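Colleague: Note that the protein sequences, when read in sequence, are chains A and B.
Here our numbering is used: the first residue of the first sequence is 1, the next is one more, and so on.
Here our numbering is used: the first residue of the second sequence is 1, the next is one more, and so on.
If you're looking for bench data, these hints aren't it; they were derived computationally from the structure.
Just to be clear, a hint being listed does not mean it is correct.
Facing chain A, a subset of chain B residues (Cβ under 7 Å, in silico) [unchecked claim]:
| # | residue |
| --- | --- |
| 1 | S225 |
| 2 | G228 |
| 3 | I230 |
| 4 | M287 |
| 5 | W466 |
To list a few chain A residues with every Cβ distance to chain B over 10 Å, as calculated [to be verified]:
| # | residue |
| --- | --- |
| 6 | R34 |
| 7 | E37 |
| 8 | T38 |
| 9 | E39 |
All values derive from a computational prediction rather than experimental measurement.
Idealized CB from N, CA, C, for every residue including glycine.
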Amino acid sequence: MPEPGLSLGAHLLLWVFPLLLATAVVLESLRGGRRRETER
Amino acid sequence: MTPVAPGAVTIVAGVMVAYLGILLAIGWLAARRTHGGEDFHLAGRSLGAWSAGISSTASSESGWVTLGAVGMTFSFGVSGLWYAPGCLLGYLVNVYLVAPRLRPLSAANGSVTLTDVITRRWGDPNKVLRITATAIVLVCMMGYVAAQMTATGKAFASSLGIEGRSGYLLGVVIGAVVITLVTSLGGFRAVAWTDLFQGLLVAGALIGLPLYAVARLGGFGALVSGLGAIEPQLLTAGGGRIGPALWGFVIGQLGIGLGYPGMPHVITRYMAARDDREIRRLQLIAMFWGLAVFYGAGLIGLVARVMLPDLGDGEQALMALALELVHPVLAGLMLAAVISAILSTVSSQLLVAASAVSYDIVEEALGRSRDDRRSLLLGRLTVAAVGLAGILVALSEVRLVYWFVLFAWSGLGAAFAPLVLLALARRGVNRHGAFAAMLTGVGVTVVWNLGRDPAAHPAAFARAWWVSLLAAGAILALGELKRSFAPADRLAVAAAAGLTVASWWLVQHWGMSNLYELVPAFLAAGFVALAVSAVTPSPSGDRG
């Protein structure tokens, strides 16, 4: 019998969601920083 | 909490004494920089990104994150993690939508509390909004403060290895007296600084311990295999739930985040930030703190399920793992982190409850003590009095007060979160709609909470519909007696009562009755705010 692994939903919940969120937050911060530089 | 082994008690007690000493030192430093009323209630709007960011997040999580969240994944496996996206979505709304708009708005109109934000936004000539908002804040916060002080007592008692009633009493007195003293002396600044220290301690514990534990277990592969061997459902996002039970659970967990914009002790941190630049830096700090803490807590529960399968109570997993795996000094720091999560919330809620009395009632509603030095003295005395009341409730364990805690998070969230979002959206609502929203938010929260598990409170749930109507009658009578109500306010009370009774019926006849009450209460409050505003004359000719 194969060993049970994480389901697709569990993969999304456990690491895909936090990874995407962290990436989006960092990108938004960089974008905001660049926008403020241009405004100056 | 898991008892500490006799040999480690002295070391853990030493760490605890050092921790309390640091809190007192921070309180003393903050007191030296606190000179007036706005300083006391809002740190003179001078917080930097780190103290505003970590303080806003640490004060919102309480002991729930180190105990309850850990217990969720211990019991339900990966499906217990749904709270994490729920809370993080709440953080997203708060730091990207609320904070950048609320700070300049509150600085421009001089708002000091959440009640101020609401009353100054829509006008409040008869003080209907101020009295309603203050009453909701006070009832919810007093319940919270007493419950958190009880948790403080229990945590201290077991961390110091003192069993029984005497240990609990000593724990309450030590923890609650220290935090009341710190808050009373240093006000908002002391609360924000101690939150920063405690928030970093919590994050350190919730990042370090699970990573070390996973490594000791043999890596993530071993963790997954271990969970699968215990029960394959622990590795799924649904945890074996199907149909309405699954959707009710998932939507309810995601809905936790709806409450964040309505938490007075959270959003005042944004109002206290120094400028817009600090708010932008705060966004990154708050989001990463949330990611680390929520996922760290979840991971601890999962690891503990594999490493400590005989642990009876999953909420003790953090402490049990720490005592099992690390040196007593580090275990002492972990215990301090558990207590930090509780105390950072106690101090914030203590200050909000005190501000509701000293600022919202005495200074604003009664128009007393406009002098800055008297305002500071009044604030300090009120914190001391509210703290003492909380300590007395915790010592005597008055059951009625703990009953309010059941509704505190969702009651505050449903009453205020839609209003804060609508206040910042700048259109669509007038003061009558805001009044209806606060009453509806609280009413639907209480009724839905009782209806989710009617067997737990059968008598209270059976009476809920006519008690709602009775409460509406009492509010109307009070308004008439004080001559405070316009016809539109009477309509607001009737609409709130109608929606509350409708939700009482709905929760019994709808398939998703296990849905967390904040979701329907938030939606009902937002709907009634817009509906009542649409059919009532806008007092200033401006509906937003």
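Colleague: Evaluate each hint against the coordinates.
Modeller: Okay, the hints, checked on the actual structure:
1. Taking 7 Å as the C-beta cut-off, the interface hint given for S225 (chain B) holds, the closest approach to chain A being about 6 Å.
2. Taking 7 Å as the C-beta cut-off, the interface hint given for G228 (chain B) holds, the closest approach to chain A being about 4 Å.
3. At a threshold of 7 Å, the smallest CB-CB gap from I230 (chain B) to chain A is about 10 Å, leaving the interface hint violated.
4. Because the smallest distance between the Cβ of M287 (chain B) and any Cβ of chain A comes to about 5 Å, under 7 Å, the interface hint for this residue holds.
5. Below 7 Å, beta-carbon pairs count as interface contacts, and W466 (chain B) has none with chain A, the closest being about 42 Å; its hint is therefore violated.
6. Non-interface status of R34 (chain A) relative to chain B is upheld: no Cβ of that chain comes within 10 Å, the nearest being about 12 Å off.
7. Every CB of chain B is more than 10 Å from the CB of E37 (chain A) (nearest about 13 Å), matching its label as outside the interface.
8. A cut-off of 10 Å between C-beta atoms confirms that T38 (chain A) is not in contact with chain B; the least separation is 15 Å.
9. Chain B leaves E39 (chain A) outside its interface by the beta-carbon criterion, the shortest separation being 12 Å against a cut-off of 10 Å.
Going through the hint list in order, the structure does not satisfy hints 3 and 5.
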